[in-house]
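Student: Okay, here's what each chain looks like letter by letter:
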Amino acid sequence: MRPALKLGGLILVGAGLGLVSALAMLNQGMNIGKETVQGWVGSHVSGDRTADPYTRALVARAGLLALTQAETLYFNRTTDETGKPLRADCTYQLEGGAQPARWWSVTIYAADNYLPVNGDDAQSADAMRVAALAKPDDQGRWTVQVSPQKGEATHWISSKNSGNYALTLRLYNPQEGARKDFKSIAFPTLKTISCPRTPA
Amino acid sequence: MKPLIKSLIKSLMIVLVTAVVVHLAVILSAPNLLMAVAFKRLSAEGKMVNQMIHPPRTTEASRAIVRPSPDLAYSSCAYDLSKGPVRVKAAKATDYMSVSVYAANSDNIFAINDRQAPDGVDLIIVGKGQVAPAGTAIVVQSPTQRGIVLERRLAPSAEAFAVAELARKQDVCAPL
Numbered sequence: 001m002r003p004a005l006k007l008g009g010l011i012l013v014g015a016g017l018g019l020v021s022a023l024a025m026l027n028q029g030m031n032i033g034k035e036t037v038q039g040w041v042g043s044h045v046s047g048d049r050t051a052d053p054y055t056r057a058l059v060a061r062a063g064l065l066a067l068t069q070a071e072t073l074y075f076n077r078t079t080d081e082t083g084k085p086l087r088a089d090c091t092y093q094l095e096g097g098a099q100p101a102r103w104w105s106v107t108i109y110a111a112d113n114y115l116p117v118n119g120d121d122a123q124s125a126d127a128m129r130v131a132a133l134a135k136p137d138d139q140g141r142w143t144v145q146v147s148p149q150k151g152e153a154t155h156w157i158s159s160k161n162s163g164n165y166a167l168t169l170r171l172y173n174p175q176e177g178a179r180k181d182f183k184s185i186a187f188p189t190l191k192t193i194s195c196p197r198t199p200a
Numbered sequence: 201m202k203p204l205i206k207s208l209i210k211s212l213m214i215v216l217v218t219a220v221v222v223h224l225a226v227i228l229s230a231p232n233l234l235m236a237v238a239f240k241r242l243s244a245e246g247k248m249v250n251q252m253i254h255p256p257r258t259t260e261a262s263r264a265i266v267r268p269s270p271d272l273a274y275s276s277c278a279y280d281l282s283k284g285p286v287r288v289k290a291a292k293a294t295d296y297m298s299v300s301v302y303a304a305n306s307d308n309i310f311a312i313n314d315r316q317a318p319d320g321v322d323l324i325i326v327g328k329g330q331v332a333p334a335g336t337a338i339v340v341q342s343p344t345q346r347g348i349v350l351e352r353r354l355a356p357s358a359e360a361f362a363v364a365e366l367a368r369k370q371d372v373c374a375p376l
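Which chain is which? The protein sequence lines are A and B, in order. At position 50 of the first sequence the residue is numbered 50 (our numbering), and the sequence of numbers has no breaks. For our numbering, add 200 to where a residue sits in the second sequence, where the first one is 1.
Since the hints were derived computationally from the structure, they do not count as laboratory data. Since we're looking at a predicted model, the values are computed, not measured. Be aware that a few hints might be false.
Said to hold, decoys possible - Below, simulated BS3-like cross-link-like pairs (lysine-lysine); rule was C-alpha separation at most 30 Å, straight line: (1) A:Lys6 x B:Lys210; (2) B:Lys289 x B:Lys240; (3) B:Lys202 x B:Lys289; (4) A:Lys34 x A:Lys180; (5) B:Lys247 x B:Lys289; (6) A:Lys6 x B:Lys202; (7) B:Lys247 x B:Lys292; (8) A:Lys160 x A:Lys84; (9) A:Lys6 x B:Lys206.
Said to hold, decoys possible - Non-contacting residues of chain B with respect to chain A, defined by C-beta distances greater than 10 Å in every case (computed): (10) Ile209; (11) Lys247; (12) Pro255; (13) Arg263; (14) Ala334; (15) Gln345.
What the hints assert, rightly or not - If you anchor each label on the Cβ, the simulated ranges turn out as follows: (16) B:Gly246 x A:Cys195: 47 to 57 Å; (17) A:Gly177 x B:Asn232: 30 to 40 Å; (18) A:Gly177 x B:Asp295: 16 to 26 Å.
Note that the Cβ used here is the ideal one computed from N, Cα and C, for glycine as well.
The task is simple: from the sequences and hints, build the whole structure.
Tutor: Right, here's the structure in full:
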């Protein structure tokens with residue numbers, strides 16, 4: 001009885017370790033992928049059938065039913081311009097120009113991979129709405145404020161109640177050059193405008 | 201002393217091997233398990249299989265699929281080929297639209313967009329050993345009996361969503 005009990009206990013401990021380590025692996029999937037350019041993390045293999053088991057599992061966890069690279073490039077960012085994690089109580093400015101794609105969007109996701117629940121109905125910016133709000137002399141440049149309150153901003157993404165959030169850039173029908181070389185993409189830049197001294 | 205060390209090493213090995221096996225099993229089965237959950241959600245617990253469903257505009261309350269885009273109108277069809285091939289039609293779009301097919305292991309086995317299909321999409325999904333009728337323009341071979349079709353239409357505003365809503369009413373997902 002006792003050796004069997006001991007064996008059972010050891011197997012239980014091992015199974016627990018295996019489960020916890022696998023789930024930890026899956027839950028840190030916010031930064032799927034291998035290449036970081038200007039703070040934006042992209043993957044050359046997501047949506048690819050040859051992706052390794054870890055990438056496959058991570059994509060299934062944080063990007064199930066995602067599109068292939070020809071259809072869409074996904075980039076994720078969880079840090080500010082100095083590499084510190086994005087904070088829900090800070091105000092950031094996202095600035096960019098035309099993206100090498102047919103259509104683009106930037107969307108905020110809370111740590112649970114869903115849209116933050118805050119009642120603000122301001123979860124994204126996209127090429128169509130940015131163009132509609134742009135002035136003729138803007139030359140395709142746009143700015144979007146990411147902050148817990150709208151303030152004076154014309155175009156904003158609400159970070160209220162978003163915790164450790166991520167910004168996801170989608171490039172729909174990207175140009176081939178952008179697909180092959182992420183470094184060729186003129187990514188939107190992120191700038192910290194203000195941060196409360198102590199995190200709320 | 202020696203037997204004690206020996207037994208300790210043996211114990212550690214048992215823990216380690218079990219941990220590695222369980223870890224790999226979870227990682228390898230994650231895509232299938234997560235797809236099974238998505239299939240259940242997108243088919244109303246299996247009640248709405250082989251039919252196109254058109255959920256309302258994505259909001260902060262949307263929880264069916266991770267990372268939904270609030271700028272797209274999503275339609276989906278949880279397909280089951282056990283009784284034969286399934287036909288999928290997506291009405292033509294004036295802006296970005298795509299139809300993708302995912303097998304039960306989460307592989308994106310097919311994708312087409314409005315530029316490649318300017319008159320709309322018309323395809324037939326066949327399972328192992330099934331054949332599509334002669335003359336079918338697009339045949340998608342599904343390695344698994346079940347899977348999910350996901351359609352995306354660009355809809356960043358309420359007006360754009362209304363346009364997509366009108367178009368997608370003509371979409372079809374049905375057994376042949």
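Student: Does each hint hold? Answer for all of them.
Tutor: Hints versus structure:
1. A:Lys6 x B:Lys210: It holds: about 12 Å lies between the C-alpha atoms, which stays within 30 Å.
2. B:Lys289 x B:Lys240: 22 Å, holds
3. B:Lys202 x B:Lys289: 72 Å, violated
4. A:Lys34 x A:Lys180: The given pair, whose Cα atoms are some 14 Å apart, holds under the 30 Å limit.
5. B:Lys247 x B:Lys289: 21 Å, holds
6. A:Lys6 x B:Lys202: Given pair Lys6 of chain A, Lys202 of chain B holds - Cα atoms ~19 Å apart, limit 30 Å.
7. B:Lys247 x B:Lys292: Since the Cα atoms of Lys247 of chain B and Lys292 of chain B sit roughly 28 Å apart, the hinted pair holds (cutoff 30 Å).
8. A:Lys160 x A:Lys84: The hint holds at about 18 Å.
9. A:Lys6 x B:Lys206: 15 Å, holds
10. Ile209: 12 Å, holds
11. Lys247: 20 Å, holds
12. Pro255: 13 Å, holds
13. Arg263: At roughly 6 Å from the nearest Cβ of chain A, Arg263 of chain B sits no farther out than 10 Å, so the non-interface label is violated.
14. Ala334: Nearest chain A Cβ is 29 Å from Ala334 of chain B, so the label holds.
15. Gln345: 18 Å, holds
16. B:Gly246 x A:Cys195: 47 to 57 Å: 48 Å, holds
17. A:Gly177 x B:Asn232: 30 to 40 Å: Given range 30 to 40 Å: holds, Cβ gap about 35 Å.
18. A:Gly177 x B:Asp295: 16 to 26 Å: 23 Å, holds
Hint violations for this structure: numbers 3, 13, all remaining hints satisfied.
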